[in-house]
Amino acid sequence: MIRRSLTLFAGLFVLILVIGWAMGLPFTSSRLVEAAAYSLIALGLNIQWGYGGLFNFGIMGFLMLGGFAVTFISYPVNPQFWGSDGPWMLGRALIAFAAGALLVYGARQSDKIGIKGGWKTFVTVLAWFVAYCVYRSQIDPAAAYIEANAGFVGGLGGHPVLGWLFGGVLAAVIAFIVGKIALGLRTDYLAIATIGISEIIRALIKNMDWLTRGTLTVSPIPWPTPLPQAYQASGSDQFSSLLLARGGFLLLALAVLGIAIWLISRAYAGPWGRMMRSIRDNHIAAASMGKNVTARQLEIFVFGSVLMGIGGAMLVSFTQIFDPSSYQPINHTFLIWVMIIVGGAGNNWGAVFGAILIWLVWVVSEPLAKVIFDFVSYWSTNVGWGAIPEIESRSAQMRVFVLGLVITIALRYAPKGLIPEVVRRDA
Amino acid sequence: MAFSPKNAPQERFCAKSAVSKLTHASPYAHMPQNSPEYEPRVNGIRNGTDLVSSDLVIDVRNVSKRFGGLTAVNNCSLSVRRGSVTGLIGPNGAGKSTLFNIVAGNIVPDEGAVIFDGNDVTGLKPHQLFRTGMLRTFQIAHEFSNMTALENLMMVPGDQPGEYLGNAWFRPGLARSRETEVRKKALDVIDFLKLGHVRNELAGNLSGGQKKLLELGRTMMVDAKVVLLDEVAAGVNKTLLNDLASNIERMNTELGYTFFVIEHDMDLIGRLCDPVIVMAQGEKIAEGSMEEIRANPQIVEAYFGTPVEVA
Amino acid sequence: MALLELKHVVGGYGGAPILNGVNMAIEQSDIGVIVGPNGAGKSTTLKAIFGLLKVTGGTIEFLGESIANSLPDKLVPRGLSFVPQEKNVFTSMSVEENLEMGAFTRKDDFSETMQWVYEMFPVLAEKRRQPAGELSGGQRQMVAMGRALMSKPKLLMLDEPSAGLSPRYVIEIFETIVRVNQEGVGILMVEQNARQALAFASKGFVLAQGQNRFTGTGQELIADPEVAKSFLGG
Amino acid sequence: MTELIFFINQVVISGAVLGCIYALGAVGITLVFGILRFAHFAHSELMTSGAFFAFLLAALFASWGIVTPIPLGFVVLPIAMVMSAIFALGIDKGFYAPLRKRGAKPVILLIASIGVTLMVQGLIRLFFGAGSYSFFETETKDVFRVDLAWLGSTRPLVITEPQLLMIIVTVVSVLALHFFLTRSRLGKAMRAMADNADLAQVSGINTALVVRVTWIVAGALACMAGTMLALDVTLKPDLAFNIIIPIFAAAIVGGLGQAYGAIAGGLLIGFAESLAVFNWTMVLRPLNGVLPEWAQLPATLSFVPTEYKLTVAFVILVVVLLVRPTGIFKGASS
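Residue numbers (my numbering), protein chains in the order written: chain A, 6 to 432; chain B, 403 to 713; chain C, 81 to 314; chain D, 57 to 390.
Hints in this document: simulated from the structure, not taken from any laboratory.
Note that the coordinates shown come from a computational prediction; the quantities given were computed from them, not determined experimentally.
Honestly, I wouldn't trust all of these hints.
[Stated by the list, open to error] Selected chain A positions facing chain D (Cβ under 7 Å, derived; list incomplete):
| hint | residue |
| --- | --- |
| 1 | T192 |
| 2 | D193 |
| 3 | I197 |
| 4 | I200 |
| 5 | G201 |
| 6 | A208 |
| 7 | N212 |
| 8 | S398 |
| 9 | F406 |
| 10 | L408 |
| 11 | I412 |
| 12 | L416 |
[To be verified] Just some of the chain D residues that point at chain C, by a computed CB distance under 10 Å:
| hint | residue |
| --- | --- |
| 13 | T238 |
| 14 | A245 |
| 15 | Q257 |
| 16 | V258 |
| 17 | N262 |
| 18 | T263 |
Here a beta-carbon is modelled for each residue, glycine too, at the ideal position from N, C-alpha and C.
Using the sequences plus the hints, can you model the full thing?
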């Protein structure tokens, strides 16, 4: 098993060298930083699906939360907003929100004062409606005012690493709420529910212009490590300063990844992992053996989502732009699933391997498809069938097909992944 | 021996033979018998230690459960005496398994209450019942199929420090020392069950009988007040079954475990259980020793069956 | 030539075999009853005959032709029919639709057979439009038997037809089974109510650990002290 | 009265159109779930590919100079439906059947259907690029305006020809489906297998045949839904991928496995979405004359801003799952 893993990783290393040789070092170094972030995200899904058997199809939503978090923390402070009535109006909206929440909570407790059955339902629905109206009455003008006078709220000017951490925290909070609502559902319902939740998160982030600038995008978001410009200023040439800067970012990303792997492995190797696997295998028996299945599933869902949030924040930090409309279920949910299925659910190294491999396949399939198309086009022109039209845009679509092909082949011929889960045998 | 409870309370030491037989008011009546001190509905009362004589460790009161149009358990009342091995028999579909699932918290009854050790535990979740000291096995083995036999046992003990992320990350010593204990105990149990040769095998690959043994082994991993055994003999070979039975007897007489057993194997019931409760159509129809049950023509008809007159 | 003949049948669900050499022979005039402890392979035998699990050894012949590992959609038209123990009606479909499903493999007009079934179970005629899921346990068992009879089988196999029924219904179901047999349908059934069923069985088979332990007429088996002691509960 | 007609135009008609499309999509999903017990995610791609089949056929017909009184999309629909049915059968044979044979869990089939989604979408994009197409490049989209001045309305009732045809076609196919499921032998066999697959097999029903019929029906209905969606708006490679959530919501709200539930769920979600984003100010404007200065209605007054239309389906889904987990009609529990 170990030999197989080492061989596969060695192969991966060779693949990276080949890509580096063919595509150049700047391209490859960028892809490697992204691969590190995707590894972290894949580990998050591995925890949820591989360890916990939970079906999360809403990864995109958690990545967006992470992206928003790092933007909010690390983007420079917007004096126009803080100097206007905006904070005050937002405060009022916040109070309205709290009041609404209190109202709904009160309605849900209304049976204590003798309102029962249908009446309680009626009161609760009415409370929801009133709370919604109260909140909208405050937030709508506040949003309009901020958008008109200050553009958007802006950032807090904090360190990007703080933003990564906040990404994890934000993802944890949302995952907790989502888990409370949805984790009791059957697998297929859970899949649909999590997709729906991620779509709601996307709709909110995309349209809350006052908070996120929506489709107008926010950039440049600062790096946690020195930017290439900083190296250039201190006298390095363009090429090496680019590499130095990316190398620095990569080191930081790898450090985060390393810490994550260390923490996960430590927990998973012991009783915690055993308990989680028992819940995944047979939650009825696990409950009868005293494990609090609901709480533990929530725990693992939150844990996994935290890694997704941090990974999503890293990606946005690296590209320096937060563009809500660039998030797509294919690129940000299904891609991660393919990584896990191909790499091997339930095995951390499998998840990392799958993440790096699939990310490279994903980014390389476009130029590769272009080369193939060019070749075929050249040949077909010579034969007299004419050239392939619009090669550029067609090659860009090729990777979606390749992704689908890879996952179906993996399910058929290596259903447990390339580095499958290891059975923990006692010596 | 692997099963010495650390702080076995003396009052639990209560062998079958040592307890004088309860007088069963009218064991063969078709109506459920409610002793006078029972109130018909006690839902919602918790920790009412006064409700029950401490002699009864499980006390099921007027429980009903319907699935759609089918009434699986119908106003059923029965009890299990502390320290006894109580058998539950009845024809297929009599509601035994449903009743078991209600007692174990896997099914919430429509009506009635389950009193466990003096507390109303109706509606408690299985993992909460585990903490009160009630353990169960399943009729169809519920093994953790992708874990080894040893892991199947090691996961059982509650409150393992290593099951909490904080301890697993920052206090590995604490987790490790408990882990060693748990492992030792699991190995003892595995040896006792003669499963040593398959301890590293995935539980999903074991034979039906071995899975059953593993289930029994899980109940040995902790010190339980009551163990519910759901058809533990099915698929277990005779020799092993003998070991199993003597083990159950020993756990009962020496360590004071109480057992509540559903079983189709009449030999095993006859050997282990006193009293035996007979259920039919969701109700308790009789209770008594195996000899008494066998001697009753009505029960023999309902359960063992009598020849039909055919033209 | 027997209607159905099993010789040294070995089979299981892929893992260790559950059947380790089962022998049986049933004529069209027979009522065969299989008894034995849980896990002895009683239901498994019926499933093996009906192609629902893999037969790896021995032969199963129906009307002289090998039918081992044939699927039900090939067996039903040949004259075999099976009533499973649980979930044996289509709960969301009406009684009449349930019966129609039993006649799915028939291309000819089956209204006469349906009439015959309704005569045998008059209560079903009353409830023909009602969803089968709303019926009581005993009535469901009748629907299940009716469904199986709609294909005009030569041999009807029943898996614990009396399971979960009150004693009154048990007797009724057994009487119906005898009546079906008198109409010329061979019966092979698994029963927990062993003594009761063996009383009217022309052939009895006691299975244990996937093998025949005793074979004889029902009366012989009941009279055998060893069978009575080990398998009939004293 | 003008306001009422406005309401009908904005909510009733557009809700009905959306509801029909959701319903036809959800029926396919629910049938596949009932028979094969897995959530078929790639249904969106059956819809999109079906629409492209219809589009290609319509273009072919147009190039032959065939002119029809109704939009070509509807004329070629039957042929496109046959092609889609064959396509669906092919997908099952190529990707799902081998997994089923191995005894894979429904979750694995669900993931496989994601793979199929990606492949089909990749192929469509490969051939058609990422742009959008219209059925009405050569034809005109007829718009019927029913003048209702005699009712005192200053606005006409507006419905386009495709919308009208769409509603008619949906009603006809739902009726046909109803008769197929309740009267035909195969339809009954499908219901039987959805009810209890093991018993269906024991009864001698050829379950492999039922699976094939299911794919044929699901593929054909998906093609119909996709084509009608493309006729109503425009044809894009991600045409149905964007509405798969409301369609799943419709199937779940109706109770997975219940064909009639899916239709009800589809209509419910379609109307709910239209109603949620409806701007009440348009209807309530006469009140502005009565209300004092400070309480004038704002320019837009809707339950949900238009940007959040998609979330409506999901909120309904969550509420239904929490209140009645098996859907409005009791769904299958796998």
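Verification of the hints:
no.	hint	in the structure
1	T192	5 Å, holds
2	D193	4 Å, holds
3	I197	5 Å, holds
4	I200	6 Å, holds
5	G201	4 Å, holds
6	A208	5 Å, holds
7	N212	4 Å, holds
8	S398	5 Å, holds
9	F406	3 Å, holds
10	L408	5 Å, holds
11	I412	4 Å, holds
12	L416	5 Å, holds
13	T238	9 Å, holds
14	A245	6 Å, holds
15	Q257	5 Å, holds
16	V258	5 Å, holds
17	N262	5 Å, holds
18	T263	8 Å, holds
Going through the hint list in order, the structure satisfies each hint without exception.
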